[in-house]
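Once you have looked at the hints, place chain B on chain A.
Protein chains: 2
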Amino acid sequence: MTSRALEVIGSAEVIVGYHPYVELIADLTEDKEIFTSGMRKEVERCQKAVELALSGKKVALVSSGDPGVYGMAGLVLELVTGTEGAESVQVEVVAGVTAATAAAAQLGAPLMHDFAIISLSDLLTPWELILRRVECAALGDYVIALYNPKSKKRIQQIVEVQQCLLQHKEAQTPVGIVRNVGRQGEEKVITTLGQFLDHPIDMFTTIIIGNSQTYVEGSWMITPRGYRL
Amino acid sequence: MTSRALEVIGSAEVIVGYHPYVELIADLTEDKEIFTSGMRKEVERCQKAVELALSGKKVALVSSGDPGVYGMAGLVLELVTGTEGAESVQVEVVAGVTAATAAAAQLGAPLMHDFAIISLSDLLTPWELILRRVECAALGDYVIALYNPKSKKRIQQIVEVQQCLLQHKEAQTPVGIVRNVGRQGEEKVITTLGQFLDHPIDMFTTIIIGNSQTYVEGSWMITPRGYRL
Chain A
1 MTSRALEVIG SAEVIVGYHP YVELIADLTE DKEIFTSGMR KEVERCQKAV
51 ELALSGKKVA LVSSGDPGVY GMAGLVLELV TGTEGAESVQ VEVVAGVTAA
101 TAAAAQLGAP LMHDFAIISL SDLLTPWELI LRRVECAALG DYVIALYNPK
151 SKKRIQQIVE VQQCLLQHKE AQTPVGIVRN VGRQGEEKVI TTLGQFLDHP
201 IDMFTTIIIG NSQTYVEGSW MITPRGYRL
Chain B
1 MTSRALEVIG SAEVIVGYHP YVELIADLTE DKEIFTSGMR KEVERCQKAV
51 ELALSGKKVA LVSSGDPGVY GMAGLVLELV TGTEGAESVQ VEVVAGVTAA
101 TAAAAQLGAP LMHDFAIISL SDLLTPWELI LRRVECAALG DYVIALYNPK
151 SKKRIQQIVE VQQCLLQHKE AQTPVGIVRN VGRQGEEKVI TTLGQFLDHP
201 IDMFTTIIIG NSQTYVEGSW MITPRGYRL
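Chains as they are written, first to last, in UniProt numbering: chain A, 1 to 229; chain B, 1 to 229.
Hints are computed from structural coordinates only; laboratory data are not their basis. Some hints here could point you the wrong way.
As the list claims (entries may be wrong) - Derived coverage of chain B by chain A (criterion: at least 3 residues anywhere in the stretch with Cβ under 8 Å from a Cβ of chain A; other residues may be distant):
(1) 94-105
(2) 131-145
What the hints assert, rightly or not - Cβ-to-Cβ under 8 Å is the rule here; a few derived chain A residues that face chain B:
(3) Y70
(4) G74
(5) L75
(6) V94
(7) G96
(8) A109
(9) M112
(10) G185
(11) V189
(12) T191
(13) L193
(14) G194
(15) L197
(16) Q213
(17) E217
(18) W220
To be verified - Take a look, some chain A residues computed to stay more than 12 Å from chain B by CB distance:
(19) K57
(20) K58
(21) T125
(22) A171
(23) T223
In this text the structure is predicted, and so the values were computed from the model without any measurement. Heads up, the beta-carbon is just placed ideally off N, CA and C, and yes, glycines get one too.
This is chain A alone, in the form it adopts within the complex (with noise of 0.2 Å):
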């Protein structure tokens, strides 16, 4: 977490969240008012956060990595600026470690270089369109960090995923998988895109995928930025 982070939840009055972000932080939030909802509740939690504010209320809505990647950020301010009345809100951003770079540093350092974040979930986007953009990432030889690739039921589409990637990516290519990446659990395999689906993988669950020059030495995965050695 970052220290402005730290100093807007330790200044908030109200903390609003996911129940289960909100009870990793439950040690920072002792004296405060709570709000949480489950999954799915986003819109209602943003909402309810919207209306807080407007009451005069200090208000720290949670999200884990970076509230700016497929976080809770961008539905705050369609909120403020689309809701009469609701102008008023002072809403300040604040960035955090998304799950990509904070998965690559416990990988070694695969994303350094030019690389493309997809998530999976097709609830709010088309299929086809997250097909698209996985197969333009493969395309371009980008390093690849795929976030939701699978939940309960939603199983088929990281097979279609690893398909369509071994029609332009060798099988060899290194694959770095971290699980509960900053929690409690954290665990971490770096194995390959023919392989990689032998391992668990489920909503908490980061995928990175190397470029065509990415390789793993000892217990890294490494993408050269092409220093001369």
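Quick look at chain B alone, frame taken from chain A:
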């Protein structure tokens, strides 16, 4: 800065880094040995850090932003894994807030959907590959974050990027420019793909180009995630 970065700097005996970055944390390093060097001395700095670590010192090698995104993490791991006798050096990569998400937070929420990060520096990467990546990102309708967009000597690349993007994207596509993000003298402007070259751009600038859904409302640049409001 994250609390882990503060801890690691606090416990280090030697600080190694690019001179201006080490200067930014002068108040944290008063009691420490310092080794700094100038631009393009990356290999020398990392070699020095590895040598110092091999001599038994606790060394903090400082990058700005996230060290795993065009920073020094990769070079250190290349040296540690590739140098005879250096395998015994213990390395921890400390993730940070990379310029793209720091800049995004200042602009609003432009990175709420899939995005590509591209460095326009062609010192270590063929220009043709960089331009191919720009085109692939456009074809995939990614939000695009550009690092190192322009330097005193390197002024033509950003013009070619604009030309390439204008073949695939509307001239009215929102573009956010942030200079000195998170530092003294931070400046930002929200403009369009057709007009953004009229604004000052240098090596301390991060540029974020919206996808086809990105819009500007008030002083915010917002890429909707797709929630129904």
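For each hint, the structure was consulted:
no.	hint	result
1	94-105	holds (count 9)
2	131-145	holds (count 9)
3	Y70	holds, 7 Å
4	G74	holds, 4 Å
5	L75	holds, 6 Å
6	V94	holds, 7 Å
7	G96	holds, 7 Å
8	A109	holds, 4 Å
9	M112	holds, 4 Å
10	G185	violated, 18 Å
11	V189	violated, 17 Å
12	T191	violated, 18 Å
13	L193	violated, 18 Å
14	G194	violated, 23 Å
15	L197	violated, 21 Å
16	Q213	violated, 10 Å
17	E217	holds, 4 Å
18	W220	holds, 5 Å
19	K57	holds, 21 Å
20	K58	holds, 18 Å
21	T125	violated, 6 Å
22	A171	holds, 22 Å
23	T223	violated, 6 Å
The earlier numbered hints that this structure contradicts are 10, 11, 12, 13, 14, 15, 16, 21 and 23.
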